Amino acid sequence: MADDDNALHEKPLEFLSSIANTDGSCDGQSILPENGHFRASCSCGNWSVEVDDSEEGLRLARAHTGNQPDGT
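Each residue of the sequence shown is one higher than the one before, starting from 1 at the first, in UniProt numbering.
By construction, these hints were calculated from the structure, which means they are not laboratory data.
This one's a predicted model, so the numbers in the text were calculated from it and none came from an experiment.
Note that the Cβ used here is the ideal one computed from N, Cα and C, for glycine as well.
Any given hint could be a false lead.
Stated by the list, open to error - What follows is a list of derived Cβ distance ranges for each label pair:
no.: 1; residue 1: Leu58; residue 2: Gly36; range: 15 to 21 Å
no.: 2; residue 1: Ser30; residue 2: Gln68; range: 27 to 33 Å
no.: 3; residue 1: Trp47; residue 2: Pro69; range: 15 to 21 Å
no.: 4; residue 1: Ala63; residue 2: Gly24; range: 15 to 21 Å
no.: 5; residue 1: Ser48; residue 2: Asp23; range: 24 to 30 Å
no.: 6; residue 1: Asp52; residue 2: Asp23; range: 28 to 34 Å
All chains, please: the whole structure from these sequences, using the hints.
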């Protein structure tokens, strides 16, 4: 895969633009600090939770998208 095709190499604005028009798909999740806790949410617009730490937000985001790592 060329670097230009990898979302990890996109600039933040390019990434956000690419998921802005997802038609309710789970194309991007975020875990952001918010007033002493974290807000985990999805580009689908149907999922947003408050969690105590970013690891829990990541775990729940993976569960939301059905993308659990092996061994968990």
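Outcome of the hint check:
For the hinted restraint 15 to 21 Å between Leu58 and Gly36, the CB-CB distance of approximately 18 Å keeps it satisfied. Between Ser30 and Gln68, the C-beta spacing of about 19 Å breaks the proposed range 27 to 33 Å. The beta-carbon spacing between Trp47 and Pro69, approximately 19 Å, falls within the hinted interval of 15 to 21 Å. Checked against the given bound of 15 to 21 Å, the beta carbons of Ala63 and Gly24, roughly 18 Å apart, stay inside it.
Between Ser48 and Asp23 the Cβ separation comes to about 18 Å, which falls outside the hinted range of 24 to 30 Å. With their beta carbons about 32 Å apart, Asp52 and Asp23 fall inside the hinted range of 28 to 34 Å.
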